[in-house]
Structures are given as C-alpha cells and as structure tokens.
Amino acid sequence: MKILKLIFKNSLRHKLRTTLTILGIAIAVIAFGILRTVVTSWDVGVEAASPNRLITRQAVSFIFPLPYAYKDRIASIPGVTQVTYANWFSGVYKDKNQFFARMAADPETLLKVYDEILLTDEEKKNFIAERNSCIVGIETAKTYNLKIGDIMTLEGDIYPGRWDFVIRGIYRPKFKTIDPTAMYFHWAYVDERMQEESPARAGLVGWYIMKIDDPAKSASISAQIDNMFKNSAYETKTESERAFTENFLSSTSAIISAMDFMSFVIVGIIMLVLGNTMIMSARERAREYAILKTLGFSTWHLIGLIGGESMLIACLGGGVGLLLTFPLIVGFEQAIPKSVFPMFELETITVILSIVAVLLIGLAAAIFPTQRAIRTKIVEGIRFIG
Amino acid sequence: MSAIIQIRNVFKSYWRNSLEIPVLQNISLDVEEGEFLALMGPSGSGKTTLLNLIAGIDRPTKGDLVVSGTDIGKLGESALAKWRSANVGFVFQFYNLIPVLTAYENVELPLLLTKLSKAERKKHVETALGIVGLGDRMHHSPKQLSGGQEQRVAIARAIVTDPSILVADEPTGDLDKHSAQEILTLMERLNKEFKKTIVMVTHDPHAAERALRLLHLEKGDLV
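For the protein sequence lines, the chains are A and B, in the order given.
For the first sequence, the positions run 12 to 397 when this note's numbering is used.
For the second sequence, the positions run 6 to 228 when this note's numbering is used.
Honestly, the hints are just simulated from the structure, not real lab data.
Glycine included, each C-beta is placed from N, C-alpha and C at the ideal position.
Some clues are possibly wrong.
Here are the in silico distance ranges between beta carbons for each label pair [to be verified]:
| hint | chain 1 | residue 1 | chain 2 | residue 2 | range |
| --- | --- | --- | --- | --- | --- |
| 1 | B | ALA124 | A | ASP271 | 53 to 59 Å |
| 2 | B | HIS221 | A | PHE19 | 53 to 59 Å |
| 3 | A | ILE366 | B | HIS208 | 33 to 39 Å |
| 4 | B | GLU125 | A | PHE19 | 21 to 27 Å |
| 5 | A | ILE366 | B | GLN11 | 29 to 35 Å |
| 6 | B | PHE16 | A | ILE366 | 27 to 33 Å |
| 7 | A | ILE366 | B | LYS127 | 49 to 55 Å |
| 8 | B | GLY140 | A | ILE366 | 43 to 49 Å |
| 9 | A | SER268 | B | LYS148 | 37 to 43 Å |
| 10 | A | THR310 | B | LYS148 | 28 to 34 Å |
| 11 | A | ASP271 | B | SER146 | 54 to 60 Å |
| 12 | A | ILE314 | B | GLY140 | 34 to 40 Å |
| 13 | A | VAL367 | B | LYS224 | 58 to 64 Å |
| 14 | A | ILE314 | B | LYS148 | 26 to 32 Å |
Covered, in the sense of this in silico footprint (three residues per stretch, anywhere, with C-beta under 8 Å from a C-beta of chain B), are these stretches of chain A [what the hints assert, rightly or not]:
| hint | region |
| --- | --- |
| 15 | 15-28 |
| 16 | 298-308 |
One-sided excerpt, in silico: chain B residues whose CB lies under 10 Å from chain A [said to hold, decoys possible]:
| hint | residue |
| --- | --- |
| 17 | GLY61 |
| 18 | ASP63 |
| 19 | LEU80 |
| 20 | SER83 |
| 21 | LYS87 |
| 22 | ARG89 |
| 23 | PHE97 |
| 24 | ASN101 |
| 25 | ILE103 |
| 26 | PRO104 |
| 27 | PHE199 |
| 28 | GLU214 |
| 29 | LEU217 |
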C-alpha cells in the first residue's frame, strides 16, 4: 500500500462529487480551448499578412473609393513592383445568410500580387481573357457544388442588378491562413456596366494593393504615396497589409478581447469549484489527518495527500477536456464557414496554456485545505466530528 | 523495574480568548516499564489531556515529561512525529480507521514511514492481525467489520511497529459488553505476554479493574 493508492482511494470516496468536479474541469478546459482558438483564429489574417504588400485606401474611411487614375501614379514610385486594385462588391448568391467575400479585381495583376491564390495555367489564362469570368475558392465550390463552366448569378446590392459570371477557375489557397471561399471577377466588367447605368460610380476602386521590392522600405513608400495625393479630393492612407488587416479587425477587437478575458475567467471559476471540493473533502477528513499525524505522518505527507488528490482530479478533468477539445475543434472547423475562420485549429500554445492552467488549478485548489490540515492541532483534529 | 514515563510538575492550560483554563495542575507521576495503568475521573478532570501529553500529541504548559528516555517537551514537531511513530501506539474510543483502506492497509499505515520492504511489512501486518485474531479479515474494509473487530484492527495498527507504550483513550467506550471484554482481554495479553506498557483512560470501573494500577484525576490533580 502506497501513499498514491491512498490518494486514489480518497479521490473516489464521493464518486458523484469527484465525477462532477472532473466533468466541470473538463468542460472548462473545452471552453478555454475553444475560446482561445477563436481568439487566435481571429488574428490569423494578421499573421498571414505579407510584409512586402502595402494597401492604399481613402484617408477618410475604407468605405470611400479612390480614382482608378491613381494606379499609374502609384506604380511610378520607386520600389513598387506591382499594383493591383479591387472593389468590395458584396451582393447575394442564392442565400443571403451564407457569406463569402465577392470582389471585383484586376485579374492579371491580382494573381501577380497574390501568388498564394493557386490556379492552373489554363485557369489563369481563361480568367484573365474572359471579361465575365470569375474564380472561386475551393470551399465555396464545394459548398455549392460548383465546377468550371458553371454560371454564378449574383444579386447586386452595392452594385444593383443581376450579375452573371462564368466560373473559369477554382483556386486553392497556398496557405491554410488564406481565405478559401472568396470570389473574384473583373473590375473592368463591373466598371463597364457602371459607366452605362451609373456613370458617377464608374472609374473608382475600393483600394490599391502594392507589391514592393523591400519590406524595409514600406514606411517610406507609404509616405511617398500619401504625400503624392495630399490636398487632393481623394487623400490616401497607405499602410502595410498587416496594419490594414489589424485596423479592419479593430471593430471587433472589443468582442475578441472580451472572449480572451472570459477564457481566463473560466480558469478562475473552475479553480474555485475544485477548491471548494478540496475544502469539503479536507474538512470531512480533519479527524483522519489528525490520526495520520498521530501515527507520525509529517506535514509533507499531508501536502502530498491533499495536493496529490487535487492534482489527480485536476489532471483527470484536464485530460478529458483536452481529449474532447481536439474533435470538438475539428467539428467547429467544419461547421463554421471558412470565410469567417479560414483556419480554425487548436494551436500548440493553447494546449500548453490549458495544461499549465490545469496544473495551476490543481495546485491552487489544494493550498487552503492543506494549510488548514497542517495548522489543525492533533487534539483538535481527533475531536472533530465531520 | 524502571520508570518508562516520568512526569514532573506538569501544568497544562488552554486559552479561550484571553481566559486561561487550567486543565492539569502540578502533576508528577512515574509509570514503570511493563505497567498497565488505568486513569479514571469525571469528565473534564484532565485524564485525556494527561494521556495526550504522555503520547506526545500535545505539549505541557510547564513541567518535564520524559518518555522512553526522551524529554518529549523539547522535541520539535517533526522530531516528535518521528518519536511517536517509533515509541507509542494509539487506541482511540472511535477506532479512527481510514474507511477507504482495508484492515490490512490500515495496519500497514505506520509501517509506510519505516524503511521496511513490502515483504517485511506484510510479515509485520500479518503478525499484528494474527495477535488480535483477525488474520482471516485482513482484506475487509472497516464498514465490513463489527465495532469490536474495528477496535482490534486499531490495536493491531497500534502494535505493528512494536512500540514500548500503548495509550488507549476509552478503548471500550463505544463497544458492547462482550466486545469490551474481548478488547480488555487482548490488552491484558499485550501487557503480560508482549510486555507493553499501557496507559488507559476509562470511565468504566470494570475496565479499570483489568489494570495493574488505578489512578484518579479530579480537577486536574491526581487524587
């Protein structure tokens, strides 16, 4: 008979209480893992941003357009190797509740600036050549069972009317962090129709994307672009793709910060739950601890007994929670649209944080009951009726 | 015969808030090796307190307490715990067995603090349980045993390390007459056959009759 056996047997004295505590810890670890994954996945676009890409938008707001005429002037700046541009098209495809990004862009330069959009040479050629063509991400193609040659009809909102596009390419993202759901079609095709139906909205682009030869020059190139259009009717704001993405996500940062905070609140709550269980257990066994001390068991033995039981329950709960978190994250990944989270994976750091949290919970929950068991005098403990 | 327990001018008080409550007053007592001493007295007379002092689970407020050649009043907590495990066996009124452990495991508990191998521990435990007549109940848990059997397991736990002194606080207080007789007979045997020095606190005059010497305590003083 060893102390470990006593720890194990002690933890099973109140099977229901121990089981509920283990389940509570497991659920908390699952919640912690999922919340942390949401937080880390939300920032994945920032992490995926290329350091040699700059984005120029209207200085006042992202929602205001810029003249198409800026394209050649931006391209003339030393260090800029490629310029492309895009417009947020929005619109509805079949179901207004199903979101994926739909953008009007310049196909040729788009594919040069975003080399992470993978297409076959034939797909590239056909997309560039046909003005009413489009490409869609592999996940959208799967969702709607689309194939090359199919017609995608969008019901326009920002650009009203019915818009038909022929699929000439289904792209695969080079990295997991890239959105695999977006749809791109010709800016020129949209602009042509705008010239006919709403001339005031023709010749405008949403934003410019520049590829630069050296990321170290990004600040100076950004300054040159913005100075070039200073005091014009369309002043610009140029920033790195990372900064642009961060600004884009900043509107939701409060929610994400709250989720981040909540993930740690959960750790605190479960610490109290386990602490309560351990306090109840230690209180019920006050007399037994006194007997053990009478028999010659030392303070360290009591620390081992109470701390060991607390760690055992915490580790069992944490283990069950972590084991369940993996399939749940996979389930979430399949359930959540790829356009929201291109990558929804349990990161190593989240697993490490979960393990550290579980160990800390186990340790912290044992402190108070251990302290009480140690401080209680033998004669008081023997008299205790639990 | 030499005194295995020497108590000299021992005082013990408890404090309740700022009020000092004297429990033992100027107690001096010698207990010879191999003696079976019974302590009697009314509730609150200090007999359990005196027993606790002898067993090293409480400390005197004043005075000297030499047990088995060691001035236990001067030992630190850790040294006192080691001393207890080597020198004193405890028998309580309510047995105080660990409910999740079997009779075997309960008796083995004090041996976990020694350097004995598993095989040696087994031998000691089987011997102790054999002495108390529970060799066939080793793997029963406390709730599967009667009160008398639980007390016998507690006695086996008290003697498994072969201490020279056994302290017993109302060992028959929670037992029926028949079981109480069995326990007292067992204690007599431990005293006579195994030469254990026994100090027993009891309210029961029949139990006290089994002891070789009887002392009365009243209001913290030996009378």
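For this session: Could you tell me which of the numbered hints above are not met by this structure, giving the numbers in increasing order?
Result: 2, 3, 5, 6, 7, 9, 11, 19, 27, 28, 29
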